[in-house]
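Taking the hints into account, I'd like the entire structure generated from these sequences.
Quick note on numbering: the sequence shown equals residues -19 to -1, 1 to 156 in mature numbering (1 follows the signal peptide of the UniProt record, and there is no 0).
Any given hint could be a false lead.
[Said to hold, decoys possible] Simulated crosslink set (BS3-like; lysine-lysine; CA at most 25 Å straight-line):
1. Lys133 - Lys94
2. Lys116 - Lys156
3. Lys94 - Lys146
4. Lys133 - Lys116
5. Lys101 - Lys91
6. Lys94 - Lys142
7. Lys146 - Lys133
8. Lys94 - Lys156
9. Lys116 - Lys94
10. Lys116 - Lys101
11. Lys101 - Lys146
12. Lys124 - Lys146
13. Lys156 - Lys91
14. Lys133 - Lys91
15. Lys133 - Lys101
16. Lys142 - Lys91
17. Lys94 - Lys124
18. Lys156 - Lys133
19. Lys146 - Lys116
20. Lys101 - Lys124
21. Lys124 - Lys142
22. Lys124 - Lys91
23. Lys146 - Lys91
24. Lys142 - Lys101
25. Lys156 - Lys124
26. Lys91 - Lys116
27. Lys142 - Lys116
[What the hints assert, rightly or not] Taking CB as the label site, the calculated pair distances span:
28. Phe16 - Arg114: 56 to 62 Å
29. Gly137 - Leu95: 21 to 27 Å
30. Glu144 - Arg114: 17 to 23 Å
Since the hints were derived computationally from the structure, they do not count as laboratory data.
Every value quoted in this text rests on a predicted model; they were computed, and no experiment measured them.
Glycine is no exception: its CB is placed at the ideal position from the N, C-alpha and C atoms.
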Amino acid sequence: MKQLFLLASLALITPATQAAGQCDAVNPSEALACFDRLAQCAVIQDDDGRLACYRAGGAEASPAAQTLTAASPRPVAEAPTAMPADTIEQAYPVAGSRTETEDAPVLTAKVVKLDRNAHKYYFLWLDNGHIWREKERSRFRYKVGDSITISKGAFGANQLKLEGKTGMVLVERVK
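Okay, here's the thing in C-alpha cells:
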C-alpha cells in the first residue's frame, strides 16, 4: 500500500519538476513568464488537464487559471528611500564614537564576606549590602577587604574586576 502511494505521488510530482526544469533552460528574461505559466497549471483541478498543462510547459493554462492570475496583480515594491546621514549615525553609532563606558553605571565596593558553593562559585558580600555570585569559575582568589569594580558588559552582562589583577569574571546580583 505504501509503495502504491509512493508511486502515485511520484507520478504527480515528476511532471511539475520536469516542467520547472524546462523553465531553467529558458533565457532569464522569459524564465519568470515560464514559472507563471506553471503556477497557472497548479490551479487546474482536473488531474488530466493539470498533467497536460505541465507537460506542455504551462503553455495551455486553463481560462479560469488565467483569469485568476490576471485578477490579482502583483504589488510593485517601491524603491527604499535613503536615510539622512545623521539619522544613520544616531541609529547605528560607530564603535568608539560614543562614550558608552562612561555612561554605563560602575559599582566600586569592598568585599566584607566570602563564601563558595558546592560548584566552587564564589558569593561576595559587599560593603554596600549587595550580594553577588560568580556565573563562571575564576582564578581570582578573593580576600575580605579586596576592592572590586562591577560594570556592565556586552548584552547586559555584569563584569567583575578585581583591583590589582588582570581579567574579569561574569557575575550576577543575588540581593
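Now for the hints, and whether the structure bears them out:
no.	hint	result
1	Lys133 - Lys94	holds (23 Å)
2	Lys116 - Lys156	holds (15 Å)
3	Lys94 - Lys146	holds (19 Å)
4	Lys133 - Lys116	holds (14 Å)
5	Lys101 - Lys91	holds (21 Å)
6	Lys94 - Lys142	holds (17 Å)
7	Lys146 - Lys133	holds (18 Å)
8	Lys94 - Lys156	holds (14 Å)
9	Lys116 - Lys94	holds (18 Å)
10	Lys116 - Lys101	holds (11 Å)
11	Lys101 - Lys146	holds (20 Å)
12	Lys124 - Lys146	holds (13 Å)
13	Lys156 - Lys91	holds (16 Å)
14	Lys133 - Lys91	holds (18 Å)
15	Lys133 - Lys101	holds (24 Å)
16	Lys142 - Lys91	holds (12 Å)
17	Lys94 - Lys124	holds (8 Å)
18	Lys156 - Lys133	holds (17 Å)
19	Lys146 - Lys116	holds (19 Å)
20	Lys101 - Lys124	holds (15 Å)
21	Lys124 - Lys142	holds (14 Å)
22	Lys124 - Lys91	holds (10 Å)
23	Lys146 - Lys91	holds (15 Å)
24	Lys142 - Lys101	holds (18 Å)
25	Lys156 - Lys124	holds (20 Å)
26	Lys91 - Lys116	holds (19 Å)
27	Lys142 - Lys116	holds (14 Å)
28	Phe16 - Arg114: 56 to 62 Å	holds (59 Å)
29	Gly137 - Leu95: 21 to 27 Å	holds (26 Å)
30	Glu144 - Arg114: 17 to 23 Å	holds (19 Å)
This entry satisfies every hint, going by the numbered hints stated previously.
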